[in-house]
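A.B. asks: Starting from the given sequences, assemble the full structure and let the hints guide the process.
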Amino acid sequence: DQQVKQNSPSLSVQEGRISILNCDYTNSMFDYFLWYKKYPAEGPTFLISISSIKDKNEDGRFTVFLNKSAKHLSLHIVPSQPGDSAVYFCAASTSGSARQLTFGSGTQLTVLP
Amino acid sequence: DAGVIQSPRHEVTEMGQEVTLRCKPISGHDYLFWYRQTMMRGLELLIYFNNNVPIDDSGMPEDRFSAKMPNASFSTLKIQPSEPRDSAVYFCASSPILAGSTDTQYFGPGTRLTVL
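Chains as they are written, first to last, in our numbering: chain A, 36 to 148; chain B, -15 to 100.
In short, the hints are calculated from the structure, not lab data.
Since this is a predicted model, take the numbers as computed values, not measurements.
Just so you know, not all the hints are guaranteed correct.
Stated by the list, open to error - Listed next, with one range per pair, are the computed distances between beta-carbon atoms:
1. Thr4/B <-> Ala76/A: 16 to 24 Å
2. Lys40/A <-> Ile81/B: 26 to 34 Å
3. Lys91/A <-> Arg96/B: 36 to 44 Å
4. Ser86/A <-> Gly12/B: 21 to 29 Å
Claimed, not checked - Cross-link-like lysine-lysine pairs, in silico, DSSO-like; alpha carbons within 30 Å at most:
5. Lys40/A <-> Lys72/A
6. Lys52/B <-> Lys72/A
7. Lys8/B <-> Lys72/A
8. Lys62/B <-> Lys72/A
9. Lys91/A <-> Lys72/A
Built from N, CA and C at the ideal position, the CB exists for glycine as well.
C.D. replies: Next up, the structure:
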C-alpha cells in the first residue's frame, strides 16, 4: 500500500520550459513534505520542503505547491535546465519534521537541450 | 564537511555470507537513518537512531538484518545470512536535531549490494 505515489515514472521537457512533477498521497496525517533530487550513483539531495500550514514554497527556480484537500503536491521548475535531469522523489512525514519519511517511487526528469 | 560517508560503495557476495555495511554520519548530527532502495519497493526506511539509540526498527525486513550505532560517528547494518533478494542499494542518512519545517536528511552515496 503506497501512501506516497508518483504516477509518472518519467518526464521529458525542453530546456527553458517549465517542468511539473506531481505527487499524490493518501495519508491525511502527513504534515510535512519534501522533494529530493537524485543523480546516478549518488544519494538523494534535498531540494525544497513545505509544511502543511502553507500551500506554496519557493526557492529560486523551484516552487512546491500543496493542495491538502486533493492530497496532492507538485514541484515546478522554471526555467528547466539540462543539469536538472535527475530522478525526483517526493517524501512525506507525519511528525512535522523530516523524521520517518515515506518516499514516492520517483520520476525521472530529462531536460532536452 | 565531507558529508555522510558509506563503505563499501559496492559489495558482491554469495548467498549465505555475512555482509556489513558501514556509515559515518555528518559530525554533530543527532539522527541517523538506514534506507534500502529496490526497483519493486522504491526507497524504504529500515531503521533510525537518535543519539545512538535505535528509535524505530519497524522497517527492518527480517531478523537477518541488524543495525548498531556504537558511537555518534559510526553505524553498521549487518545482514546474516544474506540472500539474493537482499540485493539493493542501501543508503545511510543523517540529520541534525529534527524540530520543524526546515528539516531535511543528508544522504550518503549508497552501497550497492549484490548477493549471488
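A.B. asks: Hints numbered earlier in the text: which of these fail when held up against the supplied structure?
C.D. replies: none
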